[in-house]
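Protein chains in written order, with our numbering: chain P, 1349 to 1702; chain Z, 334 to 646; chain L, 26 to 541; chain X, 2 to 309.
Hints were generated in silico from the structure; no laboratory data involved. Glycine residues also receive a C-beta, built at the ideal position from the N, C-alpha and C atoms. Keep in mind that a hint or two might mislead.
To give an idea of the chain X side of the interface with chain P (calculated C-beta under 8 Å), a few residues [as the list claims (entries may be wrong)]:
#1 VAL41
#2 GLU44
#3 LYS45
#4 SER47
#5 ASP50
#6 ARG53
#7 PHE71
#8 ASP75
#9 PHE95
#10 GLY169
#11 SER170
#12 ALA219
#13 LYS261
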Amino acid sequence: MVGNPMRLEPREQRSLAVILGYPLVALAVAAAFCAILVMFSGANPLSVFGLMVKGALGTQFAFLETLTRATPLIFTGLAAAVAFRAKLWNIGGEAQLYAGAVMTVVFGTGLLPLPWPVLIPVLMVAAMLGGAIMLSIPTFLKTRFGVDEVVTTLLINFIAILFVSMLLEGVLKDPMGLGWPQSKKVIADAQLGKLVQGKRLHFGFVIALLAALAIWVIDRRSALGYEMRAVGHNPKAAAFAGIPVNRVLAKTALLSGGLAGLAGYSEVAGLKGNLTLDLSPGFGYTGIVVAMLAMLHPLGVVAAAIFVAAVFVGADAMSRTAGVPSYIAHVMVAASLLCMVTAVMLTRYRLRWR
Amino acid sequence: MDAVEILFTASLWAAAIRIASPLIFATLGELICERAGVLNLGIEGIMTVGAFSGWLTVYMGGSLWLGILAAAVAGSAFGLLHALLVVPLGLSQHVTGIGITLLASSLSYYVYRLVFPEVTSPPKIEPFQPWNVPVLSDIPVIGEALFRQTPLTYLAFAAVLLVSWFLYRTPMGLAVRTVGENPSAVEAQGIDVTWVRIAAVMAGSALMGIGGSFLTLSAFNSFFFDMVNGRGWICIALVVFGSWRPGKALLGALLFGLFDAYQLRLQQLAGGYVPYQVFLMLPFVLSIIALIVMSRRAAYPRALMVPYRKGER
Amino acid sequence: MSRENAGEAEIVLRLAGITKRFGPLVANDNVSLTLRRGEIVGLLGENGAGKTTLMNILFGHYVADEGSIEVDGTPLPAGSPGAALAAGIGMVHQHFTLADNLTVLDNIILGTEPLLRLSSRRNAAKARVRELAEAFGLAVDPDATVSALSVGERQRVEILKALYREARVLILDEPTAVLTPQESTSLFETLKKFADRGLSIIFISHKLGEVLAACHRVAVLRGGKLVAERPVAGATRADLAELMVGRTIAPPKAEPQPAGPAILELSGIAARRGAQKLESLSLALHGGEVLGIAGVSGNGQSLLADLISGLVTPATGTMTLKGKVLASPSPRQMVAQGVARIPEDRHAEGLVGDMSVSENVVSEAYLTPAFSHHGFIDWKKAREFALKIIKDYDVKCPGPEARVRLLSGGNMQKLILGRVMANDPVIVLANQPTRGLDVGAVTYVHEQLLAARKRGAAVLLISEDLDELLSLSDKVAVIYRGQLSPVIRRADVTIADLGLRMAGQGFEHGGESHAA
Amino acid sequence: RAAGPIKTAAIYTVPVEQQWVSRIHKAATIAKDRGDIEYVFSEKVSNTDYERVMREYCEAGHQLIVGEAFAVEDAARAVAKDYPDRAFLIGSSFKPDAAANPNFAVFDNYIQDASYLTGIIAGALTKSGSIGLVGGYPIPEVNRLMNAFMAGVKESRADAKFQVAFIGSWFDPPKAKETALAQIDAGADLLYAERFGVSDAAKEKGILAVGNVIDTQADYPETVAASALWHFEPTLDAAIAAVKAGSFKADDYGQYSFMKAGGCSIAPYGTFDAKIPADVKAKVAEKEAAIKAGTFTVAIDDNEPKSS
Ligand SMILES: Nc1ncnc2c1ncn2[C@@H]1O[C@H](COP(=O)(O)OP(=O)(O)OP(=O)(O)O)[C@@H](O)[C@H]1O
Ligand SMILES: Nc1ncnc2c1ncn2[C@@H]1O[C@H](COP(=O)(O)OP(=O)(O)OP(=O)(O)O)[C@@H](O)[C@H]1O
Ligand SMILES: [Mg+2]
Ligand SMILES: [Mg+2]
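Produce the complete structure using the sequences and hints provided.
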């Protein structure tokens, strides 16, 4: 049997060249891959990179659009990061996001006629609660019956979306929506203002940044953050030391689910105004990728979310300018993701051949 | 006809088996990967790529069986990519898997659009036709349910036997099972962990590709965006449900197919008074309940999702 | 083959100038070693001296930076366990390399057939495993699942794996660290048989008595260098210890002192977890006294330890601590009441390997006012505490930020000692506290336990090492199938009597011991 | 006022193969080939991205924006407001608002006329009187046609029973097919094929199907008995003419989908010409004439149809 000729060795120190170099190489590789694909469509492959940068960051409009798309990803990325820290494999960000959105429209469409300084915090808490409950079910099944949460959270995504569909064709249906499965609009006091007049970027982005900061503090300084890390790394040792493992997992679920629920709130109250079945084009799943790209670091999540959003927005705009099928945008996101996680790994390990 | 009578109709069981067929392939594929310690969340995309490449091959003039081969090859190519990233490089299996799903499906769509830039209705092929097994297909009820299926369905059942034989009777199968339990045990017996895992993920992904191609070569005759429609994720659940055993996984897939076929029929019965979403939810809810019931006995591959880096403890 | 003429037999294995570096650390420094046919060589050294590393290089897990290996005069390709196996080298690893959910037979035949064969020849293999087991006295059922086996049986499977491949050189890395005395004895008998049939053996152990009894020759590593090689004949334990550590080590002595009042009383305790159970167990721990619990592993020791650790609530019976009945004890409560707990498995239960030293030393106390305010942890204080432990307990580590995984077993144990001894505990629960530690570290742990005793704490020592038990304890009791024998004063104990009790004599159900 | 072809961009939320969008795409392609427009499109744009894509096209200088604002109504109208010199022809269930958005015109697939006529044929061809309908989601655009179809069926078969099912997806033909097969099991002998996959089930079981929006009889010559076709050309051409004339305003283009505007038709009988009884054909012709003459109106009912 042939041996594996490759070994990984941890790097003792990481030079700046390595930290910056590998990610840049990763981006170049991904762009080269997409350039080849673009060539097949007859467009000029060399223009791809420039068009992408322009499409993502080139104008104020593009840059703000990138941040707009990054906003829900920061929330879902934080949700995944928090859960994964404690080795709670939450793949159900999508369901939790919708749960948060449902809570937002249940309470935000007129049921609570409160002024905005009261209503907005109330809705945020409600949305967090929705997401939290959504994740608490699989967490309970895990701690009580030992049911694998990867699978349950995944399955609950389907159930949740069907449930939302049922609500939107039933009790939550907008009577003014001419039969479309959509909810009523949230009232003006429930809406998050725009950050820039006439653009889509909204205060949800600021909330996302604050959330990242808060999670960072919790992770670094708080007893809960410590407990979550300990439980994630070694639940047996944590239990021995007196850390209540199941309770910590329950708290983790509340926090993680709550963050994903906030994504739903922010999309409804900041961007869409109401709830539809396509509120999220997979933000829950992309959040996992964002979290891992950030190596579960809360502030890294912000950067990773903006990166992922920029690649998508840039590539999508590029597809229109260059006249290639728009599916190239997702190809580019996937390629740069895979290249990027590899690059991040290579900044920590050295490849050795023998 | 009432809810109970439906259970005794041959067509219900025939539908259950039809619905289960792609799931059987893909579940077996995921099972092999996980038995080797690698979670393959790329399954959804790999099925898409299988559905597309198999169909395209046939559309371009290849035979149906060549289409299956193409699906298997394309599936294992993406499996290789996944394996290279998570086995020797030890990247997160979650992220890589989700990345593979995104890459494989969007690449399929992109190529589809390059090949068919100007279509207003999906191009079709001539798919597999049901093949009635002589004599057996004439048995009442059972014959109609089991022996009037397309050849791919028979292949799915054969695959269960083959995979069982492979895992439990061959030296390579033993290596795969062990590498998912304790890679050090494999290394200590002189076998390279990396190669075993890569091979297992490729083989498993080939099966996922075939599972995807069932959708375009047997269940239907053209390729659609998003047509895998979550079937891959269901297979992940089925693997757990089947406690990582091919026989039980088959049972799980059939059960799921049965739930699905049954809910389709119940939907007609309920006369629109129960929201249709309730029926669509049924298979998922029942899967979770089944998982709770099975949870006590599940024996995980111990090294699942644990990267193995030689010389590191 | 006898001890005397082993020196003239042909050379089977030759390691020449082996050097291995991990970053800045030189784990093996120009080590050369030869092994002759039929010879048993003991490889000695402190924790972290480089023994396992050297053997991993020999077996192909690691690639040496320098040096070469020859088997029977033929160079061995580097970095390939497959090649090592083919050359007749078998290895029983420090941590077993068995797949728990597979059968014994599966574990043995793995890799012995061409991988691409369509069917494995299991029946022939099974017959041969039976044959080997018979010939070498290694009884084990080939169809049993490994997870159902005792530690001793697993060890046998590991050895059978090597024999099945007709190994001519057998490496055993700390094979006795987790074995009961009986299992160790039977292992040595087997090893003797091997040597007589011409197998060569490298034997790594921290238990010097075993090395003296089993080996022909010893090689000693210190800081990665081979510092001594000598025949065993005429050597004493003290000699070997000095070779390893480079200084003489005096085992600590317990000064006689009067026992204090009872601090913890268990009465009529019954508990059950999996296969383990405790039945109407009563005992009292007195201040200033060490109570030793002897017994073959699997007779309820870990359950007893978990009970006092607060992990298990008894089904019936009461636990009285300092005069107060504990309703439903928890680890946190026990720690708060002054119970210092040294767990059996420092890797699995004692420490979180991927967290730093600072993070680990506060794991029991992070919620106390000393380290936290309003739910936030004061990491500066934690760091100071870690530095203090590192200094006071002489923990060798790069600093408070180092990940605990990188510490050697001895230093991990010191870290745990530092953590649990911080608040002058009234009770010390020490469960197998010196397993796998080198002589120096063992002595250190013993000193700390005796110091606690001197301060007036009650010490409960659970150990399978009778030497350790008898040298530290004031009183001894034997645990057998969940029942506790009457407590006997150290002075009244004879080894023979203890052995009989451990085998079940004098207990209600009597009969054979069961090492589950 | 525009000289040369009009720069037109279309934004679809689904791929161009999807029946509904395929009709728009076809009309646009024809107009492009005619030289009236320059045509670019983005397909499968999620609603989250919809507004951004609209703005990108506006920024790129496209004069006519064609799209579907079903779940992004406000956003689409906001874009129109920001680009008052562009023409927006947007699929919507709502009415235009000339005061707020003078450049925002709406259309929809109002082909209930044709659906009604196919219903008449279906009612005549079913033997069991049990008809299965498989849809994606119960949205107005789907409900409207199903309801008209069912009304047509009642016209020729008053005691007909309907089985209505939604599969919760636009793109799962295998699932649509299984659903249809289940309906056949429950006695249906004619299927209303709102989704791809339904006609395949009918073909496999040797029963009949009625098509919707597009004509698939060529693929199922023995199966598809009739189809209600949507023609987007009148809608698009009217918009193009308005833009050319500089007179584009917030009109309701929905009327261009009506039968009398040529926006829908019943597909040629083709292989079924001989199989449909003459009296039925006569009745269809009579109703068709009445619809075109405005003496008969097919009701527009957007409520979710239920099984009976
Ligand atoms: N994979 C590794 N990566 C980095 N350093 C290592 C690795 N393995 C061992 N070392 C280093 O090599 C030294 C020797 O370790 P080794 O395991 O050989 O010690 P040992 O003599 O077997 O100790 P023990 O008696 O505790 O088993 C250690 O101090 C450690 O720092
Ligand atoms: N991944 C690693 N990186 C660096 N050093 C390592 C690594 N793994 C192990 N070591 C080192 O190898 C040495 C031996 O490790 P090992 O786990 O065998 O400890 P040990 O001293 O034998 O403890 P125990 O007897 O409890 O098993 C330790 O000194 C440890 O520092
Ligand atoms: Mg060692
Ligand atoms: Mg050790």
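Hint-by-hint comparison with the structure:
1. VAL41: 7 Å, holds
2. GLU44: 7 Å, holds
3. LYS45: Given a least distance of 7 Å, the restraint on LYS45(X) holds.
4. SER47: 4 Å, holds
5. ASP50: Holds, because the Cβ-Cβ distance from ASP50(X) to chain P comes to roughly 7 Å (cut-off 8 Å).
6. ARG53: 5 Å, holds
7. PHE71: 6 Å, holds
8. ASP75: It holds, given that the least Cβ distance between ASP75(X) and chain P is near 6 Å, below 8 Å.
9. PHE95: Given a least distance of 7 Å, the restraint on PHE95(X) holds.
10. GLY169: 7 Å, holds
11. SER170: Since chain P brings no Cβ nearer than about 11 Å to SER170(X), farther than 8 Å, the hint is violated.
12. ALA219: 27 Å, violated
13. LYS261: 23 Å, violated
Violated hints for the displayed structure, listed by number in ascending order: 11, 12 and 13.
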